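These protein sequences, in sequence, are chains C and D.
So my numbering is basically just the index in the first sequence, starting at one, shifted up by 69.
So my numbering is basically just the index in the second sequence, starting at one, shifted up by 8.
Treat the hints loosely; a few may be bogus.
What the hints assert, rightly or not - These stretches of chain D come out as covered by chain C in the derived footprint (C-beta under 8 Å, 3 or more residues):
#1 11–22
#2 58–66
#3 133–144
Unchecked claim - Cβ pair distances, simulated, as ranges:
#4 K555(C) / P89(D): 40 to 50 Å
#5 E198(D) / I223(C): 15 to 25 Å
#6 S185(D) / S630(C): 58 to 68 Å
#7 P127(D) / T644(C): 26 to 36 Å
#8 E198(C) / E130(D): 24 to 34 Å
The set of hints was computed from the structure by calculation and includes no laboratory data.
All of these numbers come straight from a predicted model, not from anything done at the bench.
Built from N, CA and C at the ideal position, the CB exists for glycine as well.
The primary structure of each chain is shown beneath.
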Amino acid sequence: MALEKQRFDTLILGAGGAGLNAALQLANANLKVAVVSKVFPTRSHTVAAQGGVNAALANVLPDNWHWHMFDTVKGSDYLGDQDAIEYMCREAIPTVYELEHNGVPFSRLANGKIYQRAFGGQSQDFGGEQAARTCAAADRTGHAILHTLYQQNIRAKTQFYDEYFAVDLIKDDEGIILGALVLNIATGEPLLIESKTTLLATGGCGQVFRTTSNAHINTGDGMAMVLRADLPLMDMEFFQFHPTGIAGKGMLITEGVRGEGGYLINKDGDRFMEKYAPNAKDLASRDVVARSIVTEVRDGHGCGPEADHVMLKVNHLNEDVIAKRLPGIRESAKIFAGVDPVKDPIPVFPTAHYVMGGIPTDRFGRVMPTADDDGDHLPGLYAAGECACASVHGANRLGGNSLLDILVFGRLAGHNIIDYVKENKTHRPLNEASVEASMARLDRWDAKGEGMTVSQLRNEFRKTMEDHAGVFRVEDMMAEGVEKVKKIRKKLNDIRLTDHTRTFNTNRTEALELENLIDVGLAIAVSALHRKESRGAHSRPDYPKRDDAEWMKHTLYWRESDKLDYKDVRVQPLTVESFPPKERVY
Amino acid sequence: MKFSVYRYNPETDSEPYMQTFEIEHRQGMMLRDALLAIQEQDESFTFRHSCGEGVCGSDGVNVNGSNKLACITSLTELKDPVEVRPFPGRPVIRDLVVDMSQFYAQYEQVDPWLQRKEPLPEQEILQTPEERDQLDGLYECIMCGCCSTACPSFWWNPDKFLGPQALLSACRFLADSRDQAGEERLDKLEGPYKLFRCHTIMNCVEACPRGLNPTKAIGHIKAIMLKEAI
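Excised from the complex, chain C in its bound form (with noise of 0.2 Å):
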């Protein structure tokens, strides 16, 4: 049967906050979009966002982008790029309030403006006072910003492509993405859609790690698929661990918790937080909450009969507030740990969250295909989101700048792509042996016979990257996991599926996933691996510095024989002055 092909202005891989907020700027400029999701849009893992979106809209403390910018910059622990930060603080003000005008529900201050709450790294003044920076709707801002953008794309008759699992790009001689091969997963028919422009905003990939609060959908395909179209990934090393997951479970307890004034403590009571971060406590950034609870841990002072995790406090909280500002929170306390936090505390523990790294853009959501920092982004290929890299969260983000990142960047990339396609009219030749190579990675999965299954070798990587790539790293831990992982890669060959029928197999989506999965962890571990020092995220035992001198650039992973490159951080900001390194200290 012949393929079966449609064409597009502009094909949006991903239907989260970032993919629709650039759909969104595109079919109000009447452009013809597609946008093919594995899933239908409203449980893309936006939806699962709990505490907010930062913005400096001063509603409840003195605030202003600049103080939110430099935050940011420490935050990343100067790994990030300060134009492409400038540009997001600057944004940040607009964006939430074109959000609010397109109906999020926003939680609400007496006055009337959009209630604000503290998390962590926020400072008034360039490392003052703390600050209330975050946009809540409730502890369900996810939710709330996800839906809202699926309905304003409903009324501009955005076209959907649900339940279509995104193979590979497909690409011609010259390296220039033509568009994709989806899979309907329904039919289990492959489509080909021709696009002038390609926006990968595919999301994470927190299911490389064996504990995680992300989806079972977050396997890193948009990632995988740059990988394989000889394309670059950047400081992959730098995968965030979320303080407070529910121990032994991994799902999500926000940081608003700590911001509302709840705060960590150790078997014996203690506020342990004070030691590891004497100003900032609890509100310390994430990467330092997380190191100091497995300290606290290795060091006996666990709680629990294996004294493996640590208990976050809340019920001195008063209970209107736990009902009015964290009743998600409460719930999933109750589901999932058998606690009410209005009575007893929450036993948690960090768990795998998000990755700082991904796709290289430039601060237009351009994708840059080189070391060559001058060099020319590639023409008609963006990301946007938790896929992309622009580097606004360089070695470790902060909370609440996720959701700014997908939507100030989403809205970007729809706006440089109008541009893009108002210059570029037509489309390129297609390219068959690129689509022939990637009906052959979907072909592969119809071999029968003996095998392993995909279950097992999942289970394997995703424990071998826990225990060789987690919160502390040492070198021949380190080495020992990627030699693991290059083994796990090999043994994809020896899977074979027991189901080979069409209609909506998930045995074949997932093996499709499993590869994207081992080929983002490759590039995790490999990166991890050689980076010698200590910075953000990343946290070495056997180099506890952060050494500026040698290590202030940014990783880049080709898939192709494991190769690396470095490029500078880009320390110059739009407008303002740039801030220099300084010695982080919470």
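Start from chain C and add chain D according to the hints.
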């Protein structure tokens, strides 16, 4: 623990059947974990799921006769043997996966987006905390479909009756002090079917995994209509 699950693959089965699996019930296990354990025994067993914490709304199923979200349903609250079926009244694509397109189409029918007629302010549109409170119990819907596929009125007239989910969404915008299309919204709900096929059977209230009350929302819309009519 014994599980009897609904199986149907249109490519290989002439008709649906129930298949039995035995699962070890470990502490803290949710229904989703059990379905995943079944999938490890038989890779061809198919269901939707994603976030695992009750916010994405992917894994609604019918379990022992009630619609629930698998990921937040503890096995301890289920009677052994557990019977798991797809949502009632929807066409089955495969196993527990149903076609929800009509459910989504009904949602779109209520114009589920904020509508303003006045020019927008430079900053946020102001809303008092009390006005914002009116949205609680309405905006949290995750569109899982547990309510509408438990509703007899929706089973009989899925093309004409909008169903509890869409009506809850209609109420969410009617209740929003920022929305300025109330009259048009009410006009669109006129007639014997769209809204008025609700016979307050209240299955939706029991089914909602978020503890929302669509019947109350529907009653609220009816009350506004009545007030407008007088």
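| request: Hints the structure violates: just list their numbers, smallest first. | output: Of the numbered hints, all hold.
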